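Residue numbers (my numbering), protein chains in the order written: chain A, 1 to 170; chain B, 1001 to 1409.
Simulated from the structure, these hints should not be mistaken for lab results. None of the values given here were measured: they were computed from a predicted structure. Be careful, since some hints might not be right.
Stated by the list, open to error - Pairs of lysine to aspartate or glutamate residues, derived as DMTMM-like cross-links and limited to a Cα-Cα distance of at most 20 Å, are as follows:
| no. | chain 1 | residue 1 | chain 2 | residue 2 |
| --- | --- | --- | --- | --- |
| 1 | B | K1011 | A | E22 |
| 2 | B | K1011 | A | D45 |
| 3 | A | K79 | A | E120 |
| 4 | B | K1339 | A | E34 |
| 5 | B | K1364 | B | D1139 |
| 6 | B | K1011 | A | D144 |
| 7 | A | K143 | B | E1071 |
| 8 | B | K1073 | A | D144 |
| 9 | A | K79 | B | D1245 |
| 10 | B | K1103 | A | D144 |
| 11 | B | K1339 | A | E137 |
| 12 | B | K1339 | A | E22 |
| 13 | B | K1011 | A | D2 |
| 14 | B | K1210 | B | D1139 |
| 15 | B | K1011 | A | E120 |
| 16 | B | K1068 | A | E151 |
| 17 | B | K1210 | B | E1269 |
| 18 | B | K1308 | B | E1269 |
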Amino acid sequence: MDKKLEPIVKAAQEKFSATYEEFRDEVHLFVKPEQIIEALVLMRDEHNFELLSALTATDYWPQETPRFHVIYQLTSLAKNLSVQIRVPINGSSPKVPTATGVFGSANWRERELLDMFGIEVEGHPDPRRILMPEETEGHPLRKDFPLGYEEPQFTFNFDDIDLRKLYAKE
Amino acid sequence: MTQIEEVGLEKFKHLVSERALTGETMLLNMGPQHPSTHGVLRLLLELDGEIVVNCIPDIGYLHTGIEKNMEAKTYQKAEVMTDRLDYMNTMGNNLAYVMAVEKLVDLDVPVRAQGLRVILTELQRIASHLVWLGTSGLDLAAMSMFLYCFREREQILDIFELVSGQRMMTTYFRPGGVWRDVPVEFEKAVRDFIKIFPKRIDEYEALLTKNPLFLDRMLGLGILDSATALSYGVTGPTLRASGVDWDLRKVRPYCGYEQYDFNVPVLTEGDTYARYLVRIQELRESLKIVEQALNKLPLGPVRSDNRKFVPPPRSEIGVSMESLIHHFKLWTEGFPAPKASIYSAVESPRGELALMLEGDGGPKPLRVHLRTPSFDNLGVLPQIVKGHLVADLVAILASIDIVLGDIDR
Chain A
1 MDKKLEPIVK
11 AAQEKFSATY
21 EEFRDEVHLF
31 VKPEQIIEAL
41 VLMRDEHNFE
51 LLSALTATDY
61 WPQETPRFHV
71 IYQLTSLAKN
81 LSVQIRVPIN
91 GSSPKVPTAT
101 GVFGSANWRE
111 RELLDMFGIE
121 VEGHPDPRRI
131 LMPEETEGHP
141 LRKDFPLGYE
151 EPQFTFNFDD
161 IDLRKLYAKE
Chain B
1001 MTQIEEVGLE
1011 KFKHLVSERA
1021 LTGETMLLNM
1031 GPQHPSTHGV
1041 LRLLLELDGE
1051 IVVNCIPDIG
1061 YLHTGIEKNM
1071 EAKTYQKAEV
1081 MTDRLDYMNT
1091 MGNNLAYVMA
1101 VEKLVDLDVP
1111 VRAQGLRVIL
1121 TELQRIASHL
1131 VWLGTSGLDL
1141 AAMSMFLYCF
1151 REREQILDIF
1161 ELVSGQRMMT
1171 TYFRPGGVWR
1181 DVPVEFEKAV
1191 RDFIKIFPKR
1201 IDEYEALLTK
1211 NPLFLDRMLG
1221 LGILDSATAL
1231 SYGVTGPTLR
1241 ASGVDWDLRK
1251 VRPYCGYEQY
1261 DFNVPVLTEG
1271 DTYARYLVRI
1281 QELRESLKIV
1291 EQALNKLPLG
1301 PVRSDNRKFV
1311 PPPRSEIGVS
1321 MESLIHHFKL
1331 WTEGFPAPKA
1341 SIYSAVESPR
1351 GELALMLEGD
1361 GGPKPLRVHL
1371 RTPSFDNLGV
1381 LPQIVKGHLV
1391 ADLVAILASI
1401 DIVLGDIDR
């Protein structure tokens, strides 16, 4: 671990009783869902992590507790450091609070989280799907969502295929 | 045909101002088939006369599920998907991917391969900036810029064809090195380009930089301050035009960027003109790097000889049983990666392009997340276009240099 990162990890450990893992000099801090906003504010205001580089998730299906890790990748420009905060959440009604109040970029990233993983973001100002069409059923990046393929539609079989298509069911 | 549903204002009530509900302002749809949106981007605009009150980007028209597809392929085979990501920066995407895989499995890369990677990604950066310069000129009715820029870009694409056989979807970098060594004509082709290109940049600048019509359209437009830029995760030239000195090639050197002498252009104005100047200067800096890397390029192997991850050369397969087995295992089963997650970032022409790659102990990744710079850079657009004319929105959108393939993945 980078020497400059040690006191930051220690502070987080004390404040949130967080655990951490290390792999190839990268540090992953684990915090509880209800602590994440406080942790992000602490990182941004006291330790200069100004940039939320990525916000995504990993699905560990069929494991259910925890099924998802919501991942917040933070970068500090002033100190040239990176740290990843992971929030393990369970498979039944997965939920995290919104980070839009802390980082502007969280807005679209959390919409992607909702769209791709079906993780509900509490308090999000604009909870719509972002990439998939609104009629889509299911959440494509979940491990129990089949990879599948789409049949090419031509004029002669457009309506036939439309009938059994995933998103055209109105 | 699918029933077409009328979209009511109800759905966007929380995104538009109250005046839209009374009909005082107008909602206008721009795109997805609009030439100035640089791809298939749809913008829902709330207009007061010609002034933009609110801008709601709608993305996803080019979503192809690249992340999901990559999770279903072995580490070697998933690489072809990265070319299709940001089609203006194929070499850079390959680099981001192979670096992530190399970090995950802890694989070393020979020095010559590093040098080739630097030369080709910098050429790619120039090609990408040329497309940006040409198309954003086109948006401002500077038609000739487009023709000149594509002339030079063609020369770079010819070099790519020379080394990889492909102009755009190159897949030339492979985990552990590059596909094969460059042909002998490579050096001359790059030297020709280095010789001709500085004069061409002068020509572009003579056409645009001090042109009063161009200045009228660009100055003081879409000002992005550094605090907003950082909060919205903006990176790359757009961030550097807002006064933040952050270039991953300088602060976290990879591929041996620390041995090359180059500057990171930073401006503080944060308007479209500053973003234009930063990119123009980057063209010159990238050319400097290409020249140095070409001068320093050592001879030697271009692939790691770790046979557990890199296939053996064809000539060995006929004479060595072990090589045959390695070859067979690598192309049927793939190589396993540890059950761990890494985050690896490179500086693409648009900003921080990163991969979060998580292995599960097998030959296929458990999770691939592509942190693409355009996604966040576009996210800041609604903040910087408010109060500008629709015609200026086109200039602002062009100045943040988005690629929809990069956004929608």
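Task: Hints not upheld, ascending by number - done: 1, 2, 3, 4, 5, 6, 10, 11, 13, 18
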